[in-house]
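Peer 1: Below, each chain spelled out in residue letters.
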Amino acid sequence: MVIRKRLHWFRMLFIWEGSILPQILPRLIALFLLSTAVVIFHGELFRFKIPLTPAPFTLIGLALAIFLGFCNTASYDRYWEARKLWGGLLIDARSLVRQVQTLGDAEKDHKDIREFANLIVAFSYALKHQLRQTDPTADLARLLKPEFAKSLENIKFKPNIILQELGQWIYRNKKENKMDSIVQVAIDSNLNRLSDILGGCERISNTPIPYAYSVVLHRTIYTYCFLLPFGLVDSIGWMTPCIVSFIGYTFIALDAIVTEIEEPFGVEKNDLALNAICRTIEDSLTEMMGDKIDLKPASNPFIID
Amino acid sequence: MVIRKRLHWFRMLFIWEGSILPQILPRLIALFLLSTAVVIFHGELFRFKIPLTPAPFTLIGLALAIFLGFCNTASYDRYWEARKLWGGLLIDARSLVRQVQTLGDAEKDHKDIREFANLIVAFSYALKHQLRQTDPTADLARLLKPEFAKSLENIKFKPNIILQELGQWIYRNKKENKMDSIVQVAIDSNLNRLSDILGGCERISNTPIPYAYSVVLHRTIYTYCFLLPFGLVDSIGWMTPCIVSFIGYTFIALDAIVTEIEEPFGVEKNDLALNAICRTIEDSLTEMMGDKIDLKPASNPFIID
Amino acid sequence: MVIRKRLHWFRMLFIWEGSILPQILPRLIALFLLSTAVVIFHGELFRFKIPLTPAPFTLIGLALAIFLGFCNTASYDRYWEARKLWGGLLIDARSLVRQVQTLGDAEKDHKDIREFANLIVAFSYALKHQLRQTDPTADLARLLKPEFAKSLENIKFKPNIILQELGQWIYRNKKENKMDSIVQVAIDSNLNRLSDILGGCERISNTPIPYAYSVVLHRTIYTYCFLLPFGLVDSIGWMTPCIVSFIGYTFIALDAIVTEIEEPFGVEKNDLALNAICRTIEDSLTEMMGDKIDLKPASNPFIID
Amino acid sequence: MVIRKRLHWFRMLFIWEGSILPQILPRLIALFLLSTAVVIFHGELFRFKIPLTPAPFTLIGLALAIFLGFCNTASYDRYWEARKLWGGLLIDARSLVRQVQTLGDAEKDHKDIREFANLIVAFSYALKHQLRQTDPTADLARLLKPEFAKSLENIKFKPNIILQELGQWIYRNKKENKMDSIVQVAIDSNLNRLSDILGGCERISNTPIPYAYSVVLHRTIYTYCFLLPFGLVDSIGWMTPCIVSFIGYTFIALDAIVTEIEEPFGVEKNDLALNAICRTIEDSLTEMMGDKIDLKPASNPFIID
Amino acid sequence: MVIRKRLHWFRMLFIWEGSILPQILPRLIALFLLSTAVVIFHGELFRFKIPLTPAPFTLIGLALAIFLGFCNTASYDRYWEARKLWGGLLIDARSLVRQVQTLGDAEKDHKDIREFANLIVAFSYALKHQLRQTDPTADLARLLKPEFAKSLENIKFKPNIILQELGQWIYRNKKENKMDSIVQVAIDSNLNRLSDILGGCERISNTPIPYAYSVVLHRTIYTYCFLLPFGLVDSIGWMTPCIVSFIGYTFIALDAIVTEIEEPFGVEKNDLALNAICRTIEDSLTEMMGDKIDLKPASNPFIID
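Residue numbers (the numbering used here), protein chains in the order written: chain A, 1 to 305; chain B, 1 to 305; chain C, 1 to 305; chain D, 1 to 305; chain E, 1 to 305.
Derived from the structure by calculation, the hints contain no laboratory data.
Misleading hints may appear alongside valid ones.
Any copy, or any two copies together, can satisfy a pair, since identical chains are not distinguished.
To be verified - Heads up, simulated DSBU-like pairs for lysine-lysine below, C-alpha to C-alpha not over 35 angstroms straight-line:
hint: 1; residue 1: K150; residue 2: K269
hint: 2; residue 1: K49; residue 2: K269
hint: 3; residue 1: K49; residue 2: K111
hint: 4; residue 1: K84; residue 2: K150
hint: 5; residue 1: K175; residue 2: K150
hint: 6; residue 1: K145; residue 2: K108
hint: 7; residue 1: K158; residue 2: K145
hint: 8; residue 1: K269; residue 2: K292
hint: 9; residue 1: K178; residue 2: K49
hint: 10; residue 1: K111; residue 2: K269
hint: 11; residue 1: K49; residue 2: K158
hint: 12; residue 1: K49; residue 2: K145
hint: 13; residue 1: K175; residue 2: K49
hint: 14; residue 1: K49; residue 2: K156
hint: 15; residue 1: K108; residue 2: K49
hint: 16; residue 1: K145; residue 2: K156
hint: 17; residue 1: K269; residue 2: K158
hint: 18; residue 1: K175; residue 2: K269
hint: 19; residue 1: K84; residue 2: K49
hint: 20; residue 1: K269; residue 2: K108
hint: 21; residue 1: K178; residue 2: K269
hint: 22; residue 1: K150; residue 2: K292
hint: 23; residue 1: K84; residue 2: K111
All of these numbers come straight from a predicted model, not from anything done at the bench.
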C-alpha cells in the first residue's frame, strides 16, 4: 500500500518522474517536428496545398470523445475492480483468521492456526505470481509445507489448489471435532469469497477490452493528431507547433494511461502495487497471530511494487 | 480464456486481422467513391447545387453522440455482465467441488464426487450450447450417464434440469447420511448461484437492447455519413474523400463493434470465448480431482472459440 | 422471451414495423411543412425577418444533450432493472422448486410440490396483472385452489398474499416434520427474494422519473425543432426541410423511445414481454415436475406479449 | 404511491401545475427584461459597447455541461437510492410479518403478531418524521403501547430504539420457546436490513452533495445567463430576449429540479411521497393480518404526500 | 452529521465561507492580471503577435471535458463510497449491539454488553485516527480496558486488532454457554461486515486515482487558462479579463473541489465529518444501553469535524 503525499498544484505542473510524459515524449517530438514543417511549407505537400480547416476536426472530435471517454471509463473500472478484489483479499484474510481463532468454543491450537494463516498468505502470493506470470516457487517454499509446495509445481491453477487445501484444513478440524457444521459452513462461506476474488482477477486478466476498440481508438487519435497541423496552420500560423503538441499531449497521454491501467496487474508505473498488498496481508495476519512486525513505511512512493 | 499479447501502439495502427476493418471496408469504399463524385461535380446533383455547410452536422452530431454513446455503453455492459456471469460459473464450479470434498466430516467417495463434478461441467457445456443454439448431444454424452443424457433430449431448458440433478445428488447424499442439513443448505446456496448465472445468461440472450434504438442509430449514422461530403466539399475541396472516409470509418466501426458485442454469446471475433471458458472449467475441476491436465496454452489468440 | 433475429445493417435502414417511425410521423410531417414554408418566405413572418443563426442552437443543444442523455439513461436503467427483476423471478421460481424437491431427506410428495409450483406460477401472473392493471381472475382460477382464488378477490396486493401462502406451505411441511428449521429457513430466504422482486416492480411502476424532467425535456425538444428552420434557412436554403426533418427525427424518436421504455410494464412495442416470461416460468416449472411442454418457439417476434 | 397518468406529448407542452415553471418564473422575467434592455441599447452599457460574441459561451458551456451533468446525476442517484430504501422498507415489512407467521412450527399467536406488525409500521412513521423533522407523537401513540410510546419521547434516534424493541420481541418469543435459534437468526437478518435502511436514509439526509459544487454551479449558471444577451445581440438582434429566455429556462429549470430532488425527503413537488409509502406499508400488513383495507386510490396525483 | 440549511439561490451567489473561492483566489487574480496585460499589448509578446483564435480551444476543450468529467466522477465516487462505508459503520454498530442484546435466550449481562459496545466505539475512533494519521491514544484509553489499550500501542493495524477482540468477546460468551453456534455465527457475520468497512476505507485511503491523471489534468487546465486570453483578445477586446477569469474560475474551482474530495478522510472543508459520525455512533449506542444523551445539535454547520 503505497502512500503518495499530495503535491501542491504548482509543483505538479513540472513533475517528471511519475508522470506519463517520458513515455510519450518521442511521439510528441515527432508531432512537433511535423507541425514545424507544415508551418514552414505553409501547409503544402509537394506544392499541393492541403485545404483543411478546423471544422472537420470538430466532427472527428465527437467520435474521438465517445471512444476515449468510453475506453477511459472501462479501463478505470477494470483497474478499480481489480483494486477492490485485492482489497477484498486483505479483508477476507483477516476475517478468516479471526474466525478460526474465535468461532466455536474449542481450545485453539496456535500452531495449527498459523499453518492456516500461512496458507492464506501463500494464496495471495500465488495469485500475484499467476497474474504477473512470474515464478511463485520461492514464496511458496517459504510459506508452505515442503511436500505440499512440491505438489503444486505441476499445477496450472495454483491458487485454486491452495484454496482447496484451506478447505481440507477445516475438514480436518471438523473431523477432530474442533468445530461443528455451523462454524465450518461459516468459515467455508469466506472461502467462497476467496474463490470469488480468484475468479474475478482471472476474468480481468484474461479478458481485455474487446480488441477492436483499441485498434480504432489508436487509429483515430494518431490520424487526428497528424492531420491537425494542416487544419490549424492557416488560422494560427507559427503557433501551430505549440498548440498541436499541446493537443497531442492531452490525447496521447490519455491513451497511454488507458493502455497502462487497462491491465492493472502489470508492473508499470500506474499499475497496482500487488507486492505491497501481499506484504500488508502478511503483516496484518502476523499481528493477529500476536507477533511483531516492522512498522516503518515503504520508502519510494513511485516504485510500483 | 484467450490471452492476447498487447501490441506496440505503432504496430496496432497497421493491423488487419482482429480489427473491424475487413468487415466494414465495402461501406467505406462506397463512401469514398461518393465523396470523390461530389468533389468532381462540385457538390452539384443534376446541376442543382446542394447548399450544405458544416454547421448542421454539428447539430446532428449532438444526437449522434447521445445515441452512439448510449448504445456503446449499454452493449459493453451486456458484454461485461455476460463475462462476469461466465466467470462466476468458473468460480462456483470450483466452490461446489471444494464444498463436496471438504464440508461435513464423512469419508469422501472419490467416484461419487467425480460424477458431481461431471454434472457441473455438463451444465457449462449445456449452457453454452443453449446460448449458441448448437447441438449439445456430443458433450452431454461424454460427461453424463447414458440414461440421464438420453432423458435430456426432449428437454427445452437443459441446463436447468442438470441443475435439478445436482440437487438430487445432494439429496441422495443427505439420505445416505453423508451430510447434515447445514452442509446440504450451504451447497444448495451455491446451486442457487448457478441458477442465477443460468437466468442471467438467458436474460441477456433473450432481451436485446430495445429494437428502436438500433434502427434510429443506423439511420442517423448512415444519413450523416452520406450527407457529409456535400457539407465539406466547399471548405476542404479535394481532401473531402479522405476526411469523409476517416470520419465514416470511426462512426461505422463503432457501430459495427456495438452490434457485435451487443450479443456476446455469438461466434464473432469480439464475442466471448465460451469454448475456452468451458475448457478452463473442465481443466480446473480435473486438477481438483487430483488428475493431470494439459498445461500448454491456446494457440491462436484471435480465434474466438 | 422474444427472440429477434438480427437484421443486416442495410435492411434495417428501411424497416417500418418495429421502428418508432410510424408513431412520430405526423410530427415530422408538420416539421417538414413548417420548414418548407420558412424556405418559401425566406425566414420572414408577416414580413418581419426572424434573425436567427446556427450559433444559439449550439448553446441550446448543450442543455438538450444533458436532458436527453440523462432521461435516456434513467429510462433505460428502469427498463433493464425491470427486466432483471423478471429474470430473477424465473431464477427464483426454479430455485424454489429445486429446493422443495431436493432439500432435507424426507420422501417428496409429488402432488404437494405441484401445488407449490402452481402458487409460484400464480404469483408471476398476479404480478403481471397488477403491473398492467388487468384482471387476474382467469389465470388465478386456473392455477389456484378454488377457495383460495376466491379469497383473493377483495385483496389489493394479491401477489403479496400469494407469497404469504407460499410461506404457509412451508409452515405446513415443517409442522408435518417433512423439513427441519434449517431447510425451512433456506427456502424462506428465496421467498424473501420473491418479496424483493415484488417490491422492486412496484417501485418502478409507482415512481416515474420526476415529472418536471419530462415537461422541461418536451418543451426544449419541440421549441428547438420548431425554431430550427429559421436558424438554418439563411445558410443551407432549400435543403432546410430535409435537414430539419432529419434532426427532428433523431430528437423526437429518442424522446418517443424514452417515453415508451420509461414504463417498462406497459404493452407498447418496446416494453417487456411479460406474457412470454410468465409462460417461460410455467414451462420451466412444468419440465421440472417431469411433464412435457410444447417446444415450438413464439411466432411473431415483433408482437410484445 | 402516487400514480400519475402519462400525458400526451402535446398537452405536456402547456401544463402549468406539476411543472417547475411557476417557481422560476420571476428569474426568467428578469432575464427577459434585461435582454430587452440590451436589444434597445444595442449592447451598450453607459455608452460602452460590451464586445461579446457567441464563441466564449461555447467554452463556458463546456464547464457548465460538466457541472450540470454531474450535479444532476448525483442528485437523481440520491433520489433514486432514497426511493429504493423506502421500497426496501415495504419489502422487509412484508417479509418480516410473513416470517413470524410461517417460520418454525409453533402455534401462532395472532395478537402477538399484530403487535409485531404495529412495531414495524411505527418504525416507518418514526423514520418519516425523523427525516422530515416533524413530530411523531400522534402516529406513535396510535401504534405503540402507551408506556413504550412514552419512553420514546426523550429519544434522539427513535426508529433505532423501535428496531431494538423488534429485537426484544423475538427475544421474548425465543425465551418462550416459540422459535429456535435458526428461526430467530433468520428473522434477525431482516432486522439487519431494516437497520441498513435506517442508516441509508440518515446518510442521504445528513450528507448533501459537497457544498462547493452547488455554489460554483449556481454562479456559473447565473453569470452565463445574464452575460448571454450581450453575446447574442449582435447576431440575432430582436430575437435575443426570446432565445435568451429559452436558454435560461432550460438551465435554470434543470438547476431548480436538481435542488429539489437532491434532498428527496422534503415536501416539495418532486420529492418522495413518504406518507403514501407509509400508508401502503400499513395497508399491506393489515391485509396480511387478514383484515380489510380501503381499496380506493389516492385522489390528486400532484399532491406530494 | 452536519446539517446544512439550504440557502436561497440568490444568497448562494455571494457566499464566501464554505465556498472554494478563497482558496483559488490568488490563481484567479494572476489570470486576471495576465489577461489585462494581453489586452493592453493587443496580444503581442515582445512585439510578436500571438496568432490564436477560439477554434483550437474548442478542440482542447474536448480533451479537457473528458479529463475533468472523469476525474470529477471518480473523485465523487470515492467520496460517496467512503461516506457509505462510514454510514455502514453506524448501521453495523447498532445491529451488533441489538444482536448481543436480543439473540439467543440467555439472560443478558448489561455490563458485559457495555464492554462490547465500547469496543465498537473504540473501533470507530481507531479507524478515524488511522485514516487521518492522528494519535488515537486518548480515545482508546477512554473506551478500552487499560491493559488492552496498552497492548495496542505497538500495533500497526489497530482497528483490526480491536475487531479481533470483538471476536474474542463472542468466543468467551460461547464458552460460557451464553450463546449457541448459530447465534455466534450470526454475530460473526456482522463482524465480517466491520472487516469489509475497515478494508474498504484502507483501500480508498491508500490507493489514490492513478497519479498520471492528476498531472495531465493540471497541466491541461493551467495551459488552457493561461493561453486563453491570447485566443479571445481579438474578438472580445477589453471584456477578455472578465471572461477569462470567469472561465478560469469554473475550471480551477472544479479542479480544486476534485482534489479535496478525492481524499475524503482529510480535514478540509468538503471532506467527511468523521468526528461527527464517531459521536453519532457513540450517542446511538449509549441510547441503546438505556442511557441519556445530549440532544442539542452541532453548532456551526461549516466546521468539518
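Peer 1: From the Cα coordinates, with 35 angstroms as the cut-off, is the pair K49 and K156 best called within, between, both, or neither?
Peer 2: Neither. Shortest intra-copy (60 angstroms) and inter-copy (66 angstroms) distances fail the 35 angstroms Cα cut-off.
Peer 1: For K49 vs K158, is the C-alpha pair at or below 35 angstroms within one copy, between two copies, both, or neither?
Peer 2: neither (63 angstroms within a copy, 66 angstroms between copies)
Peer 1: Is the C-alpha distance from K84 to K49 at most 35 angstroms within one copy, between copies, in both cases, or in neither?
Peer 2: For K84 and K49, neither the intra-copy (54 angstroms) nor the inter-copy (52 angstroms) Cα distance is at most 35 angstroms.
Peer 1: Since the copies are identical, ignore which copy is meant and state whether K145 and K156 lie within 35 angstroms (CA to CA) inside a copy, between copies, both or neither.
Peer 2: both (19 angstroms within a copy, 28 angstroms between copies)
Peer 1: Is it within a copy, between copies, both, or neither that the alpha carbon of K158 lies no farther than 35 angstroms from that of K145?
Peer 2: both (15 angstroms within a copy, 30 angstroms between copies)
Peer 1: With 35 angstroms as the alpha-carbon cut-off, assign the pair K84 and K150 to within, between, both or neither.
Peer 2: Both, since 31 angstroms and 33 angstroms are each at most 35 angstroms.
Peer 1: At most 35 angstroms between CA atoms: does that hold for K49 and K269 within a copy, between copies, both, or neither?
Peer 2: Cα proximity of K49 and K269: none, with 43 angstroms in one copy and 41 angstroms across.
Peer 1: Evaluate K49 and K111 at a C-alpha cut-off of 35 angstroms and name the case that applies: within, between, both or neither.
Peer 2: neither (81 angstroms within a copy, 79 angstroms between copies)
Peer 1: Since the copies are identical, ignore which copy is meant and state whether K145 and K108 lie within 35 angstroms (CA to CA) inside a copy, between copies, both or neither.
Peer 2: both (21 angstroms within a copy, 24 angstroms between copies)
Peer 1: For K178 vs K269, is the C-alpha pair at or below 35 angstroms within one copy, between two copies, both, or neither?
Peer 2: neither (47 angstroms within a copy, 52 angstroms between copies)
Peer 1: From the Cα coordinates, with 35 angstroms as the cut-off, is the pair K150 and K269 best called within, between, both, or neither?
Peer 2: within (34 angstroms within a copy, 40 angstroms between copies)
Peer 1: Treating 35 angstroms as the Cα threshold, decide for K175 and K269: within, between, both or neither.
Peer 2: neither (48 angstroms within a copy, 51 angstroms between copies)
Taken one by one, the earlier hints fail for this structure at numbers 2, 3, 9, 10, 11, 12, 13, 14, 15, 18, 19, 20 and 21, listed in ascending order.
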